[in-house]
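A.B. asks: Residue numbers (the working numbering), protein chains in the order written: chain L, 1 to 390; chain A, 1 to 390.
For the record, the hints were derived by calculation from the structure and aren't laboratory data.
Each hint can be trusted.
If you anchor each label on the Cβ, the simulated ranges turn out as follows: (1) A:301 <-> L:227: 14 to 24 Å; (2) A:62 <-> L:47: 49 to 59 Å; (3) A:55 <-> L:183: 50 to 60 Å; (4) A:327 <-> L:53: 58 to 68 Å; (5) A:375 <-> L:231: 24 to 34 Å; (6) A:32 <-> L:54: 42 to 52 Å; (7) A:239 <-> L:157: 44 to 54 Å; (8) L:46 <-> A:331: 50 to 60 Å; (9) L:239 <-> A:352: 41 to 51 Å.
Away from chain A, derived, C-beta distances all over 12 Å, residues of chain L: (10) 23; (11) 47; (12) 120.
To be clear about the criterion: a stretch of chain A counts as covered by chain L if any three or more of its residues have a C-beta under 8 Å from a C-beta of chain L, and this derived list gives those stretches: (13) 10-23; (14) 236-244.
Even glycine gets a Cβ: it sits at the ideal position worked out from N, Cα and C.
There are 2 protein chains.
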Amino acid sequence: MRDFVYYTPTEVVFGRKSEDSLIPLLNKYGAGKVLIHYGGGSAVRSGLIPKIKAMLDSAGLPWVELGGVVPNPHLSLVYEGIKLCRKERVDFILAVGGGSVIDSAKGIAYGIRYDGDVWDFFDGKAAPKDSAPVGVVLTIPASGSEMSDSCVLTNTEKGQKRGCNSNFCRCRFAIMNPERTLTLPDFQTACGITDIMMHSMERYFTPDAPMPITDSLCEGLMRDVRVTGEKLMADPHNYELRASIMWSGSLAHNGLTGCGVRFDFGTHRLEHELSTMYGVAHGAGLAALWCHWAKYVMAENPSRFRSFAIKVMDIPDGPEAARRGIDAMRDFYRRIGMPTSIPELIGRKATREEIETMADRCSRGGTFTVGAFKVLGRPEMIDIYTKANE
Amino acid sequence: MRDFVYYTPTEVVFGRKSEDSLIPLLNKYGAGKVLIHYGGGSAVRSGLIPKIKAMLDSAGLPWVELGGVVPNPHLSLVYEGIKLCRKERVDFILAVGGGSVIDSAKGIAYGIRYDGDVWDFFDGKAAPKDSAPVGVVLTIPASGSEMSDSCVLTNTEKGQKRGCNSNFCRCRFAIMNPERTLTLPDFQTACGITDIMMHSMERYFTPDAPMPITDSLCEGLMRDVRVTGEKLMADPHNYELRASIMWSGSLAHNGLTGCGVRFDFGTHRLEHELSTMYGVAHGAGLAALWCHWAKYVMAENPSRFRSFAIKVMDIPDGPEAARRGIDAMRDFYRRIGMPTSIPELIGRKATREEIETMADRCSRGGTFTVGAFKVLGRPEMIDIYTKANE
Numbered sequence: 001m002r003d004f005v006y007y008t009p010t011e012v013v014f015g016r017k018s019e020d021s022l023i024p025l026l027n028k029y030g031a032g033k034v035l036i037h038y039g040g041g042s043a044v045r046s047g048l049i050p051k052i053k054a055m056l057d058s059a060g061l062p063w064v065e066l067g068g069v070v071p072n073p074h075l076s077l078v079y080e081g082i083k084l085c086r087k088e089r090v091d092f093i094l095a096v097g098g099g100s101v102i103d104s105a106k107g108i109a110y111g112i113r114y115d116g117d118v119w120d121f122f123d124g125k126a127a128p129k130d131s132a133p134v135g136v137v138l139t140i141p142a143s144g145s146e147m148s149d150s151c152v153l154t155n156t157e158k159g160q161k162r163g164c165n166s167n168f169c170r171c172r173f174a175i176m177n178p179e180r181t182l183t184l185p186d187f188q189t190a191c192g193i194t195d196i197m198m199h200s201m202e203r204y205f206t207p208d209a210p211m212p213i214t215d216s217l218c219e220g221l222m223r224d225v226r227v228t229g230e231k232l233m234a235d236p237h238n239y240e241l242r243a244s245i246m247w248s249g250s251l252a253h254n255g256l257t258g259c260g261v262r263f264d265f266g267t268h269r270l271e272h273e274l275s276t277m278y279g280v281a282h283g284a285g286l287a288a289l290w291c292h293w294a295k296y297v298m299a300e301n302p303s304r305f306r307s308f309a310i311k312v313m314d315i316p317d318g319p320e321a322a323r324r325g326i327d328a329m330r331d332f333y334r335r336i337g338m339p340t341s342i343p344e345l346i347g348r349k350a351t352r353e354e355i356e357t358m359a360d361r362c363s364r365g366g367t368f369t370v371g372a373f374k375v376l377g378r379p380e381m382i383d384i385y386t387k388a389n390e
Numbered sequence: 001m002r003d004f005v006y007y008t009p010t011e012v013v014f015g016r017k018s019e020d021s022l023i024p025l026l027n028k029y030g031a032g033k034v035l036i037h038y039g040g041g042s043a044v045r046s047g048l049i050p051k052i053k054a055m056l057d058s059a060g061l062p063w064v065e066l067g068g069v070v071p072n073p074h075l076s077l078v079y080e081g082i083k084l085c086r087k088e089r090v091d092f093i094l095a096v097g098g099g100s101v102i103d104s105a106k107g108i109a110y111g112i113r114y115d116g117d118v119w120d121f122f123d124g125k126a127a128p129k130d131s132a133p134v135g136v137v138l139t140i141p142a143s144g145s146e147m148s149d150s151c152v153l154t155n156t157e158k159g160q161k162r163g164c165n166s167n168f169c170r171c172r173f174a175i176m177n178p179e180r181t182l183t184l185p186d187f188q189t190a191c192g193i194t195d196i197m198m199h200s201m202e203r204y205f206t207p208d209a210p211m212p213i214t215d216s217l218c219e220g221l222m223r224d225v226r227v228t229g230e231k232l233m234a235d236p237h238n239y240e241l242r243a244s245i246m247w248s249g250s251l252a253h254n255g256l257t258g259c260g261v262r263f264d265f266g267t268h269r270l271e272h273e274l275s276t277m278y279g280v281a282h283g284a285g286l287a288a289l290w291c292h293w294a295k296y297v298m299a300e301n302p303s304r305f306r307s308f309a310i311k312v313m314d315i316p317d318g319p320e321a322a323r324r325g326i327d328a329m330r331d332f333y334r335r336i337g338m339p340t341s342i343p344e345l346i347g348r349k350a351t352r353e354e355i356e357t358m359a360d361r362c363s364r365g366g367t368f369t370v371g372a373f374k375v376l377g378r379p380e381m382i383d384i385y386t387k388a389n390e
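Just chain L, with the same shape it has in the complex (with noise of 0.2 Å):
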């Protein structure tokens, strides 16, 4: 195993009472005039977002608010983000939403810290030093980002979807109420199962031979997230089964899967690509591509997608466990309503030139690698996406 450092300070509050907590956690945590930051319509029409502007106003702490994130976060509205900061002299962002937004408020507080353009930390050209302090309601869970330490934003300008990891963007609380979460559509639920699941999947698919503790918490995390998962698909309103998810989505990406080993994210950069291309949803993106990575990498090491199989999908041990597990979870992808091929997701076959621009701009020209479980490189990337495009 490898030496490895475990830093998750965001302070968790959970539950129906959970929201009770917004005016003590702000000022424990220094906030003086807040960023409201926002996507669409459904947080303002759930009457979130005035609850929680009253109960701002109520503890005398100011305000000023920015809506409009959408999925995909664009650099074009962190960067309107940061100017309204700078010009109202906000010191806190409050995240009010689900990944989407907790990432746009990310890049907003490193952009106010920074004298650069922000989007240096994402192409590579520096690395961040500081950062504003964020802190989210959580409304959809899926990404995780309320404990990770990433930020992925898409320059569209420049047709890039990038990330910036630090522990300088780690929420300070996370405010997590599950009855929030009651009323989300079947696939918006379905894509965030799947990108629950991946996150830990991207850390179990590692070239280092695991920790056993690790290992077993990973795979415990992964086997519940699949089967809770589906019982929630069909029973979508029990709030049990919901705060189980939400809470999954936290831990499935604090670190705790993969402490001691080396991650892929592999299909994570492959589907950057595609919600870049076509605007896809990044949780139907990896059921797309999952399954076509798995077989195409299978071979580097046969007997961890044995383990996979049999302990995380419940496959009796037998010669062909590996690839039966690979197909258990395009089964459970299927019942769950996420595609899984690139027709599938995006209605048509990808052409030729599509997949070439999405290896292309992968990578970067083929200048750059992903993945470490296989390191994929342009060719390899090319090879995944016809799969997948079959």
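We have chain L already, so just place chain A on it with the hints.
C.D. replies: Using the frame of chain L, we list chain A on its own:
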């Protein structure tokens, strides 16, 4: 499930090179003058204390030292530490050792930020509102105190071993180098394995309906500590096994395995009286009591013991599975060299008077109950001690 708060801010630096991070961590967390706090001679003889002193000297960080912490750490040394830190204007407490040293350090840290008697926090007269910062270089995996909100001290004058829980005492950082544990004696290793498993068992046996993901992680952790722990007893110089057990020790008690449910901790409370009465090792005391506690309380919810047997102890399902799981744990304790009764623990039977004294202390003269899976008052405590005394 219940609403919960999950807050584990401790920055863990884990692995062979982790000690290299000591000075950056001390600087990050605002150390000025440091108290180096430790136990007996092993931390000095191993070269760790001299190494740390040299590192602080090189970095220009002033320090004072206080050794002499004993297992079941004494309030009297905490008083001495508070006096020393006030006189020397110490800013930061660095614990170098295992749970006893960490808890003694936490006691000092509480005390130097409190005008009254620090024991007030342990006998319930006051609740802590602050603490000086504490960091730890861990050398013994067992207590989980490096990430927990717990601190347990023994007041030898009053014959009381009492705990205080608050987020104020969470360590700022924990440096964990498994190499430091390679030469731990077998008995201490086994006590650690027992304590680690028990910290999650105390959360697993809850009166509440468990949260699916919490249950899955808790079962995974307990099962892995059992399997890896038994391998470690046969192969004590194995770095990978030592590392896994060390990291399990932190995860078993940082709150992860009890999210959404009430914990029990009845066995812990009963054991504290054994430690106080006979000066025994905490882990050994837990092993001497648990199976007797389990058989006494099983009727409250036999299906929980059945799940424990199947998922943690690998017992096949069947009408006797619950009881067989308890017996399997007894056999496990025996295989790793732990006592499974009071006579095995102390070398003779406890007297009736001793049992009544322990029950009096544990129940605070019959005014206090412990546990939640089954609430235990003075009569039930006497029953369990008596069963464990056969």
